[in-house]
Amino acid sequence: MLTKRIVPCLDIKNGRTVKGVNFVNLIDAGDPVVLAKQYAELGADELVFLDIAATLENRGTTLDMVLKVAEQVNIPFTVGGGISSVEHVDKLLQCGADKVSINSSAVKRPDLINELADKFGSQCVVVAIDAKQINGEWFVHLAGGTIPTDIKLFDWAKEVEKRGAGEILFTSMDHDGTKAGFANEALAYLSETLNIPIIASGGAGSIEHFADTFTKGKSDAALAASVFHFGEIPILELKEALKKQNIPVRI
Amino acid sequence: MKVVIIDYGAGNIKSIQFAFKRLSLDAVLSNNIDEIKAADKVIFPGVGEASSAMKMLKESGLDKVIPTLKQPVLGICLGMQLMCNSSEEGNTKGLGIFDVDVKKFSKAVKVPQMGWNVIYNLNSELFTGIKEKEFMYLVHSFYAENCKEAIATTDYELEYASALQKDNFYGVQFHPEKSSKAGEQILKNFLNL
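These protein sequence lines are chains W and E, in that order.
Residues 1 to 251, numbered by my numbering, are exactly what the first sequence covers, in order.
Residues 1 to 193, numbered by my numbering, are exactly what the second sequence covers, in order.
Each hint should be verified, as a subset may be incorrect.
[As the list claims (entries may be wrong)] Estimated spans, in silico, between C-beta atoms of each pair:
| # | chain 1 | residue 1 | chain 2 | residue 2 | range |
| --- | --- | --- | --- | --- | --- |
| 1 | W | Asp111 | E | Asp99 | 37 to 47 Å |
| 2 | E | Glu132 | W | Thr146 | 43 to 53 Å |
| 3 | E | Glu35 | W | Gln245 | 44 to 54 Å |
| 4 | W | Val86 | E | Asp99 | 32 to 42 Å |
| 5 | E | Glu132 | W | Glu208 | 28 to 38 Å |
| 6 | E | Asn85 | W | Glu115 | 29 to 39 Å |
| 7 | E | Glu59 | W | Phe230 | 48 to 58 Å |
| 8 | W | Arg59 | E | Ser24 | 23 to 33 Å |
| 9 | W | Lys244 | E | Asp99 | 37 to 47 Å |
| 10 | W | Val86 | E | Gly61 | 27 to 37 Å |
| 11 | W | Pro248 | E | Asn168 | 29 to 39 Å |
| 12 | E | Lys148 | W | Thr55 | 48 to 58 Å |
| 13 | W | Ile151 | E | Asn85 | 38 to 48 Å |
| 14 | W | Phe230 | E | Lys64 | 55 to 65 Å |
Please keep in mind that the hints were generated in silico from the structure rather than gathered at the bench.
Cβ atoms here follow ideal geometry from the backbone N, Cα and C, with glycine treated the same way.
Between the sequences and the hints, there should be enough to build the whole structure, so can you do that?
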């Protein structure tokens, strides 16, 4: 049986991990390669690297980081942040990234999804969607959730699937950082109306939240950052608890 | 030992090269027919769409070469699918090494299958030291039907062949290069064939 994926997300700036990461016994918690290897050992199913300060100038640094991660890490990883062209994606994949994640650039120019899917295959195209509820309706937001649009979440999700996205990474800005659980109602709706995998993001605070997003939210994967980085939820412990609740996981 | 990874323009093959590097082996990327023929082991990778990958194989004449190879050959993902009789993806005629057809998963399941699933009914020296129901990383929308040449099966919508073998030809649907330690063991086993 296909298992539910646990996906730690690492924020990257100038090729280094940012936000506090508090692992015991790490020589260099700012080194994405060291962290990625550690997560692979601890049982993470996949990793996401998000370049939070992506600019043209530091693109080379990020590519260099991707190459080093690919050399040393034996599980799949996705790279996102500031990606808006086929050429850029080509370089990232050539450096060994398994998937790329696009967000604002896809909203600004939806054809980018088709171009990437045609050239590299849907399997490596993740479309990240940030959304917030306004008067009971979900709207897509840009630039890390700061700029609202008049695009409705569910319309946009259907469109990205049709255009060739292989996966959707949905972040609820209403839940992100709250540690009060994932946006399971919206996630379940996405999962039921679309036929591609959905990654839940935003709101992870406890083991129960992960269980809920896989059962009530029908998510295929769950992404989180701080609860993993600070060791609040050890991945193995999380997976063992999920397994006890008959949620399929890889242990 | 000389390992050649066939480089015909289909997808991310760096990952496979890196995986061998982690096993302290420098695998060579090449589309040179003589170099491929002279290798001790050949990896036939592939990511992307079947008909365009087959077109690239034909343009380089590799479609004629691969079925005549005598050393152990390992097709990975789309590489394995192209070694079959045919694929529903782009109505592609395959290399016909494995006597099986490649079909698309129905809409009863999410497509692509993406993530970790188990392989079982293991029946090959490729899986020495690998336990039944070991987890492997898979990303695919099309599958090879279960058949005589299956050396591993996986369940997603139905039971299908997640690895195939005929003589010196091996094919795996999963990505050993991305499947943690168990995947590395399979690559080691291939090197030991």
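Cross-check of the supplied hints:
As the Cβ distance of W:Asp111 to E:Asp99 is approximately 41 Å, the hint placing it in 37 to 47 Å holds. The beta-carbon spacing between E:Glu132 and W:Thr146, approximately 50 Å, falls within the hinted interval of 43 to 53 Å. Between E:Glu35 and W:Gln245 the C-beta distance comes to about 52 Å, which sits within the given range of 44 to 54 Å. At roughly 38 Å, the beta carbons of W:Val86 and E:Asp99 sit within the given window of 32 to 42 Å.
For E:Glu132 paired with W:Glu208, a C-beta distance near 32 Å keeps the hint of 28 to 38 Å intact. About 32 Å separates the C-beta atoms of E:Asn85 and W:Glu115, a value consistent with the hinted range of 29 to 39 Å. Separated by about 52 Å at the C-beta atoms, E:Glu59 and W:Phe230 satisfy the suggested range of 48 to 58 Å. For W:Arg59 and E:Ser24, the Cβ-Cβ distance of about 31 Å falls inside the hinted range of 23 to 33 Å, so the restraint holds.
At about 43 Å, the beta-carbon gap between W:Lys244 and E:Asp99 stays in the expected band of 37 to 47 Å. Remark: the range hint 27 to 37 Å for W:Val86 to E:Gly61 is upheld by a beta-carbon distance near 28 Å. A hinted range of 29 to 39 Å holds for the C-beta pair W:Pro248 and E:Asn168, which are about 36 Å apart. The supplied range of 48 to 58 Å is met by E:Lys148 and W:Thr55, whose beta-carbon atoms lie about 55 Å from each other.
A C-beta distance of roughly 45 Å is found between W:Ile151 and E:Asn85, which places it inside the suggested range of 38 to 48 Å. In this structure the hint that W:Phe230 and E:Lys64 lie 55 to 65 Å apart at CB holds, the actual value being about 57 Å.
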